[in-house]
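S.K.: Start from the sequences and build out the full structure, keeping to the hints where you can.
Order-wise, the sequence lines are chains A and E.
Just so we're aligned: the first sequence equals residues 4 to 118 in this note's numbering.
Just so we're aligned: the second sequence equals residues 21 to 133 in this note's numbering.
Hints in this document: simulated from the structure, not taken from any laboratory.
Incorrect hints may have been included.
Said to hold, decoys possible - For the chain A half of the interface with chain E, some residues (derived, Cβ under 10 Å), not all of them:
1) GLN40
2) GLY43
3) ILE50
4) PRO58
5) ASP59
6) SER61
7) GLU88
8) GLN103
9) ALA107
10) PHE108
Idealized CB from N, CA, C, for every residue including glycine.
The chain contents come next:
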Amino acid sequence: GAGVSQSPSNKVTEKGKDVELRCDPISGHTALYWYRQSLGQGLEFLIYFQGNSAPDKSGLPSDRFSAERTGGSVSTLTIQRTQQEDSAVYLCASSLALGQNTEAFFGQGTRLTVV
Amino acid sequence: AQSVTQLGSHVSVSEGALVLLRCNYSSSVPPYLFWYVQYPNQGLQLLLKYTSAATLVKGINGFEAEFKKSETSFHLTKPSAHMSDAAEYFCAVRLSGAQKLVFGQGTRLTINP
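M.R.: What follows is the structure in structure tokens.
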């Protein structure tokens, strides 16, 4: 696709359920990032992939959060036993290659609401 | 430690007035610097980035930013605000040797008619 695609765009789930959020990066982009944006907060880094490996997963808030990337393309962020504080917009971004002035392209986000 | 600070969570200016959004970084080595804009219910879009080729960087939609090492700042400006500039603006840094982008808290810009 032309841009970073995230699905679903909106997700409402009951407390305690597991959810999976999907990110399709721009074709050919080797780096992929997940961020969380809570109401009134900035963007909180969660994890970053280079290819299929995650050199930096320092931002994952707890062991309920995990992410994987397969084929150097699609990534899935999984939240187990969701809590109300997990409600946020989850943003995915991708960039062409390692390079410190390389820009990241963002998807529209998945708005997660835990009720 | 906070790597990037945006002063002012809300800024309001009149249409046609100067826009100034402040960003300071905390790093002994100048990082790579970016400004992103987020329109309501949309993802983030790159406005401009500092590449060390020039201290004054021009971006899209008439915005520009000046890198000042002595002040550890990368403030965003636009000479004349337009109603369509109403959005949230994020300053971001990528520290030397790191890959992740660290974002400021964001500044919500409101334009008054």
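S.K.: Now look at each hint and say whether the structure bears it out.
M.R.: Structure-based check of all given hints:
Proximity of A/GLN40 to chain E holds as hinted, the smallest CB-CB distance being about 9 Å (cut-off 10 Å). With a cut of 10 Å, the hint placing A/GLY43 at the interface with chain E holds, because the nearest CB-to-CB distance is about 8 Å. For A/ILE50, the interface hint holds, since its Cβ comes within 10 Å of a Cβ in chain E; the closest pair sits about 9 Å apart. Satisfaction of the interface hint for A/PRO58 is found here, the shortest Cβ-Cβ separation to chain E being roughly 7 Å, below the 10 Å cut-off.
Interface hint at A/ASP59: satisfied, since its Cβ lies 6 Å from the closest Cβ of chain E, which is below the 10 Å cut-off. With 10 Å as the threshold, the beta carbon of A/SER61 comes within range of chain E, its nearest partner Cβ sitting at about 8 Å, so the hint holds. With its C-beta approaching chain E no nearer than about 18 Å, A/GLU88 sits outside the 10 Å limit, and its interface hint is violated. Look at A/GLN103: its Cβ gets to within about 5 Å of chain E, closer than 10 Å, so that hint holds up.
Because the closest C-beta pair between A/ALA107 and chain E is about 6 Å apart, less than 10 Å, the hint holds. Because the closest C-beta pair between A/PHE108 and chain E is about 8 Å apart, less than 10 Å, the hint holds.
Violated hint for the displayed structure: number 7, the only one.
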